[in-house]
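Asker: What follows is each chain in one-letter form.
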Amino acid sequence: MNRSRTRLLVAFASATALLTTAGCGAADMTKQASPFAAPAGVKTVTLSVQSWVGAQANVAVAEQLLKEELGYRVDLVQTDEVPAWDALSQGRVDAILEDWGHPDQEKLYIDEKKTIVRGGDLGVTGHIGWYVPKYWADEHPDVTDWKNLNKYAKELRTAESGGKGQLMDGSPSYITNDVALVKNLDLDYKVVFAGSEAAQITQIQQFAKAEKPFLSYWYQPQWLFNEVPMVEVKLPAYTDECAAKDPADIDCAYPTTPLQKFLNADFAERGGEASAFLKKFHWSEEDQNEVSEMIASQKLTPQEAAKRWIDRHPDVWEKWLPQD
Amino acid sequence: MATAQATPVRAAQPGASRGPLAALRERPAAGKLLLLALAAAVLVPLVHGRWGGGIWPDALTADLSEPLGNVTDWIVSNRDSHPLFLYFFGHISNAVVLSVRGVYLVLLALGWAGVTVFAAAVAWRVAGVRLALTAAVSFLVCGLLGMWVPTMQTLALMVVAVLASVVLGLVLGLAAGLSDRVFRILRPVLDTMQVLPAFAYLLPVVLVFGIGVPGAVLATVVYAAPPMARLTALGLRGADRGVMEAVTSLGATGRQRLLTARLPLARKELLLGLNQTIMMALSMAVIASVIGAGGLGDRVYQALSSVDVGAALAAGIPIVLLAVVLDRTTEAAGRRIGTEPTGPALLRGPRGWTLAAVVTAAAVAVVGRLTDGRVWPEDVTVAIAGPVNTAKDWMVDHLYTGVPVVGGTADLASHFTSGILNPLRSGLTGLPWWSVLLIVAALAWTIGTWRTAVTAVLAMAAIGVLGVWEPSMDTLSQVLAAVAVTLVLGFGIAIGTARSERLERLLRPVLDVFQTMPQFVYLIPVVALFGVGRAPAAAAAVVYALPAVVRITTQGLRGVDPAAMECARSLGATPGQQLRQVQIPLARPSLLLAVNQAVVLVLAVVIIGGLVGSGALGYEVVLGLAQGDLATGLVAGAAIVCLGLMLDRVTQPTARRQRQEG
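Sequence order for the protein chains is A and B.
So for the first sequence, the working numbering puts the first residue at 3; every next one is plus one.
So for the second sequence, the working numbering puts the first residue at 10; every next one is plus one.
Fair warning: there could be bad hints in the mix.
[Said to hold, decoys possible] Straight-line Cα separation of at most 27 angstroms, DSS-like style, residue types lysine-lysine; simulated pairs:
1. A:136 with A:116
2. A:136 with A:149
3. A:281 with A:247
4. A:211 with B:401
5. A:214 with B:41
If you're looking for bench data, these hints aren't it; they were derived computationally from the structure.
From a predicted model like this one, the values you see are computed outputs, not experimental measurements.
Using the sequences and the hints given, assemble the complete structure.
Answerer: What follows is the structure, given as structure tokens:
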């Protein structure tokens, strides 16, 4: 019994050695699909999913339609935003469906290396800002201007923020200037990073249940607004000059961004119906929120939520399919 | 002053009260401390005059952000053209993808019936009927939970990662087992690899291999190979001298000696190594979902982003089941070595394997005929996510605030943060940096050798040099607080389980689940209960580290010489006295090992706590991963490694050292 085990090990070792040496040519890591892709030789698309629910909604709907209408197998890869760009340029994923603006990456991969191409608008406009709950803003209407925030710092103190007010931020992968803003606007606040959107949502829900005041980095469109109504705090107006400053000196609000799709350059050219479909994918904030809320609040699986939306809105998605 | 703080802990041993000189002779620790105090008295004024107290001086840091940034840029721009990537990393990456794909396709081709029957047959063959049943039921549950495909993905990844780890571990272990010099060089390396929190590896791997399976497999191999290497070396070095001499006198060549005597004699250690490797690979396969490994880990991670505890649990249960089946099977295989084969005669020897293959083929054929697909049928699944979420919501609704007397979990967390974590953090960051080094030296030296003390101090100094002194102290304060809670709870439970076998039996499955459930699954419930911040991270860490502490302590307390216990009883000692004056002192090595394990495990989770707002080093690693920022992520990762090394050395119990040296 022992001999057979040893032999097995030897056989495996030589097989691995063979595998690594046999391919003497160049091995291009950039043309490597996931080993789980397309087990039966069917056509596949690999989509990247980001951690927020809106991104899951886009992907779930695209996945269902690619599967049901166009006969693709769809693989999903969960990644943060910057690594997703990296993966996109390497061909590990074929498309990002919702990007909130990454100028450095756009310059590097689209303009210089030409490994990624633009896939057009998603149809949803994104906006990042600071938000307070509506129940609190109704009591203190002046809290919605940044100039008055210091007055309320005391009420927003938590164990984590020490003697200052707590400004809650989410995942470290999100675009944020909050630390710079707090400093440059002389606010008596401390930015506390929740570490992930899940943690942030959970905390907001807890605050809302207790009707406690809070101040949070948050963004639209977002399904949580339906559950916990929030009001945006006015920050100094956004200007292009201000946005062009060094990140540490930024002292104005966030821009309003039409969210973008990006495709791997190879895939865009040779992706056939799938790439044509993903380029045409274009829906509204209400559509996205409808799906998002089913996923996050009613706890449907993304697939189930997408199915329900697809049943209700054929008029929207039929336009995305390639015309024969 | 720093040493004075550490002294009472060590001096409170029997014998300390009989005059200073006798105490010194009996307790070499006191002598070491005295020496250290003298050295400090000379050095501290010098150091203090030159660089001042407070946090680590800027003059002694090295800013690595620019060189590391350059490395990132170089990798990104050369990844698809440089020969290093085309001819080296590219092939490794291809080999990994091909092998994982190969295994995955085989598993899919076997279908659910084939995999289940095969697993059961193998378990029967090596471990008996009960485990065969466990294996079969476990795989069926994975299917029932609707997790068949992700389970197979994780399994494929695991098979490749474990095989690669075993091969690498065997090669390293053989080298270390046969050559003393290699052994000496390799031991500290393996020691270090084992205390590293897995989270710290991910970033460099991602940068070179990109997200996805190749990076995940390689990170897993780095994490899982050391136990195999260590145990192989241990087994080879421990070979019976008499047998070896006999073999040599028969004229066997070196290779023959290795293959016919040394390796077979080391079978037990080899199997234990395999068992450890599998367990570590499984835990890493889950963490690696952060870099796109796919499979069950990915399902858990995705469920977390929509705050869906139920879905996370549905993906977590198969992981636990896989762990239980693999652990028990390899453990049983190890136990059976050298004993007479049991079980039905049909299953023995090569015939057993053939039979397993035939039965599997038959099952695949029959089930394939009866149902059309090989993948688990989608309509035969049980959705547990809904009820679990309802249960969680109920718990949160009733526990978060307003529990009479003790207050809700939110109040508890807030008290814990402001009452323990905050003072501890400001205490640690307030300590002059050199006094921290002194405390570390004192603790490590009294408990270990001067070598461990030097390693610990150097590790701590490296943190300062890297320029992350403050976040590291923050992380350290979280670790200390969570370890304290873990030990109080763990020792308390262990005293109970050591007394009552029934309680132990009752707790065993609970502890199993806590230990093998991926840490990600805890993170959202703890946020729901304790809010965002350091408190939930500490709570998750306590849950994760508790089982190891309870197990080791129970074993230690039980293992106390029965004669000593009997003696104490006959002298009329009450149970409390027996515990305090006989059991605990005699079980000291086990208790120290428990402390050591608690520290290492807590650190691993506190780091992941960066995902729920624990800040400090964990957050910086997450930030580095999320933003592709090598400088931040790698420096924080290195600091975590140093912190882990220091904590391990400071708490490394004598028992472990003796075993390794023996």
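Asker: Between residue 214 of chain A and residue 41 of chain B, is the straight-line Cα distance small enough, at 27 angstroms or below?
Answerer: 55 angstroms, violated
Asker: For the pair we were handed, residue 136 of chain A and residue 149 of chain A, check the Cα-Cα distance against 27 angstroms.
Answerer: 18 angstroms, holds
Asker: So if I understand the rule, the pair passes when the alpha-carbon distance is 27 angstroms or less; does residue 281 of chain A with residue 247 of chain A pass?
Answerer: With Cα atoms ~33 angstroms apart, residue 281 of chain A and residue 247 of chain A exceed 27 angstroms; violated.
Asker: Checking one constraint from the list: CA of residue 211 of chain A to CA of residue 401 of chain B, max 27 angstroms. Satisfied?
Answerer: 15 angstroms, holds
Asker: Compare the distance between the alpha carbons of residue 136 of chain A and residue 116 of chain A with 27 angstroms, and conclude whether the hinted pair is satisfied.
Answerer: 46 angstroms, violated
Checked against the numbered hints above, the structure breaks hints 1, 3, 5 and satisfies the rest.
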